[in-house]
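Each residue of the sequence shown is one higher than the one before, starting from 30 at the first, in the working numbering.
Please note that a few of the clues may not be correct.
As the list claims (entries may be wrong) - With a straight-line Cα cutoff of 27 Å, these simulated DSSO-like cross-link-like pairs (lysine-lysine) come out:
| # | residue 1 | residue 2 |
| --- | --- | --- |
| 1 | K400 | K361 |
| 2 | K361 | K591 |
| 3 | K486 | K591 |
| 4 | K552 | K591 |
| 5 | K338 | K361 |
| 6 | K552 | K361 |
| 7 | K486 | K552 |
Don't read these hints as lab results, they were simulated from the structure. Owing to the predicted nature of the structure, the values given are computational and were not obtained by experimental measurement.
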Amino acid sequence: MLISSIVLASLSAIPQGPNPNNHETTSQPTAEFIFKTLSVQEMIGRSRAPQPPRLGSLAWSDDGANITHLLEGWKGDRVLTSEEVLLDFLHESSTFDFDSVPDFTLREAGGALMVTGSPDHVKTIENSLAHLRAALVQRIRVQANLYRIPSARTLPALSAANQTASLTEGLQLIWSGTSVCRAGNQTTLSQERYSSYLRDVDVEVAQGARTGDPVVESAFEGVRLIVEPHVMTGTEDLTLFCQFALGERNGPFASRSTGVADLPSVDVPDLDICSGTFSGRVTDGGALLLSLQGADEAGGNMLLAVNVKRLTQMPATSNDTTFFPISAFTSKSMRRWVTSDTDAATSNPPTPLRMSVSETTKHSHGLNTAKEIEALILEMTGVGDENGEFALELAGHLAIRAPQARRDAIRSLLVGLQDRWLRTVSMTVETELLAEADSGSVFPASAIQTTTASDRKLHAVTFPALLGRSHVLVKGRETTAIHDFQVEIAQEKSIADPVLTSLFNGVICSTFPYRVEEGIGAKLDLSIHHAPSPTRRATELADGGDLYLEQINTFEAMLNGKIDVASDLQLGLGPSVEIGGNHYRSRNVLRATLN
Numbered sequence: 030m031l032i033s034s035i036v037l038a039s040l041s042a043i044p045q046g047p048n049p050n051n052h053e054t055t056s057q058p059t060a061e062f063i064f065k066t067l068s069v070q071e072m073i074g075r076s077r078a079p080q081p082p083r084l085g086s087l088a089w090s091d092d093g094a095n096i097t098h099l100l101e102g103w104k105g106d107r108v109l110t111s112e113e114v115l116l117d118f119l120h121e122s123s124t125f126d127f128d129s130v131p132d133f134t135l136r137e138a139g140g141a142l143m144v145t146g147s148p149d150h151v152k153t154i155e156n157s158l159a160h161l162r163a164a165l166v167q168r169i170r171v172q173a174n175l176y177r178i179p180s181a182r183t184l185p186a187l188s189a190a191n192q193t194a195s196l197t198e199g200l201q202l203i204w205s206g207t208s209v210c211r212a213g214n215q216t217t218l219s220q221e222r223y224s225s226y227l228r229d230v231d232v233e234v235a236q237g238a239r240t241g242d243p244v245v246e247s248a249f250e251g252v253r254l255i256v257e258p259h260v261m262t263g264t265e266d267l268t269l270f271c272q273f274a275l276g277e278r279n280g281p282f283a284s285r286s287t288g289v290a291d292l293p294s295v296d297v298p299d300l301d302i303c304s305g306t307f308s309g310r311v312t313d314g315g316a317l318l319l320s321l322q323g324a325d326e327a328g329g330n331m332l333l334a335v336n337v338k339r340l341t342q343m344p345a346t347s348n349d350t351t352f353f354p355i356s357a358f359t360s361k362s363m364r365r366w367v368t369s370d371t372d373a374a375t376s377n378p379p380t381p382l383r384m385s386v387s388e389t390t391k392h393s394h395g396l397n398t399a400k401e402i403e404a405l406i407l408e409m410t411g412v413g414d415e416n417g418e419f420a421l422e423l424a425g426h427l428a429i430r431a432p433q434a435r436r437d438a439i440r441s442l443l444v445g446l447q448d449r450w451l452r453t454v455s456m457t458v459e460t461e462l463l464a465e466a467d468s469g470s471v472f473p474a475s476a477i478q479t480t481t482a483s484d485r486k487l488h489a490v491t492f493p494a495l496l497g498r499s500h501v502l503v504k505g506r507e508t509t510a511i512h513d514f515q516v517e518i519a520q521e522k523s524i525a526d527p528v529l530t531s532l533f534n535g536v537i538c539s540t541f542p543y544r545v546e547e548g549i550g551a552k553l554d555l556s557i558h559h560a561p562s563p564t565r566r567a568t569e570l571a572d573g574g575d576l577y578l579e580q581i582n583t584f585e586a587m588l589n590g591k592i593d594v595a596s597d598l599q600l601g602l603g604p605s606v607e608i609g610g611n612h613y614r615s616r617n618v619l620r621a622t623l624n
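With the hints as extra help, turn the sequences into a complete structure.
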């Protein structure tokens, strides 16, 4: 009855027309006890993970196999998943024992906490929630801009807050998106178009009848970008994980006859494509820059700039408790190794844009969970349960109550780990074209002159990559061709069944940069594909049918070891490629810089 009377009295005391910015309602029916309702809705996270962009082929969905989360799927370890989790934390971290205080109650009530007790005890809960809210609800503004850039423009992978405008001055802006999200959560920025087209024709033959069965697919155009920002300890810098897809068609899709009676023509997509991941550590207000350049035959020339700005700051220490953000360490984003599916790339027909994603996570730096970081801190600093000290993990943070000297030691430890592990490598992969044209044969008739044309590159991609994370980048031009025919026979009827294949002119780069003593190393899988326009040939079957025979030139390089950041790493000569009606030999280079 006591609680009921307090609740009723408090409800009658709520003023009319409450301030919408006020997080609480209050009443004081007696001198000894008060009742408050404290809003916690903005601390509770229940949103879903964004749908990932396509990876590899953008001209077809591959039955969903090319739609893969390379960022971490929705997890509850970086948010408060319910009011009950918040109650448990308040119980564990409180300076007084809830159960031993007479007439004190604390319970959840649909996006709020209801607390009854003495003014001092209620004020303690109120202060704890305010401090917790300030720590967990870190709002980040994410802005992404997409530009067209000249093929010869050299750009860095990172820019500070005062550099981005000058770096992009004079560039043609073709898309911009802005979003606000909480640190540790993912946000989506996009402008997308899905265009249906007749990709293929299946055939059915039975008894005295035959027919074609059109296969309709959808091609992706536009931009889809997912960004996962994280705040850090002892610095205003932010860590970003990004997954993206960019697609743009080169004019209307052409219609190509199969040459078989009773079968419809198929549409031939012609798309500039790019997809994959990148990551990095940037200053507050700075940006990650992804540069995509090269010959027109190998995809568009674009710059994707992802700028981030903190809208809130980490709170000062309250009640001898400090919240240290650790989610940049513990996020499982970009830990799976991704590369072109070897079997698919060497099959007949080849499908290099079908990607292989490992199921096991790749450990970044040995400390991958909050428990491991908490154990290290306890071991190195001696924080324990004596004298009211504690170390608790909550929503991507470590809450530490300890004397100031110990908390300073923890801050120094985490800052040191960040400065060693949360570092960005600027990686550039270039396919240079040698200066002299040649015949286009597999091997040249005379000795190769290795001088390159400085203004002529088949591919030039520059992207930021965090140490200890797996990255993949697919960039080029995608189309299709009728690669083969299969003959279907049933009783007295037969029909030629066209077999479609994907053709890709571009680069597929998978890399995992890591720390070595006095430098950096990297695991690298690099493949270059060049397929000039296929040659039409009639099959001369009874049903007719036209083949489009392709010539596919490839280059592959694999690396796992230390990288000299002071010079380019020569990866070897590639095949002769056809550019603008002439053939040129190619040479591949890797360049890496630790920021």
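Comparing the hints with the structure gives:
1. Proximity of K400 to K361 is assessed by CA-CA distance (about 14 Å); at most 27 Å being required, the pair is judged to hold.
2. Between K361 and K591 the CA atoms are separated by roughly 25 Å; this keeps the pair inside 27 Å, and the hint holds.
3. A hinted pair counts as satisfied when its Cα atoms are at most 27 Å apart, and K486 with K591 qualifies at roughly 26 Å.
4. Our distance criterion of 27 Å between C-alpha atoms is met by K552 and K591, whose separation comes to about 9 Å.
5. A threshold of 27 Å between alpha carbons decides the hint, and for K338 with K361 the separation of about 23 Å falls inside it, so the pair holds.
6. For the proposed pair K552 and K361, the alpha carbon gap of about 19 Å is at most 27 Å, so the pair holds.
7. Of the supplied pair hints, the one linking K486 and K552 holds, its CA atoms being roughly 24 Å apart against a limit of 27 Å.
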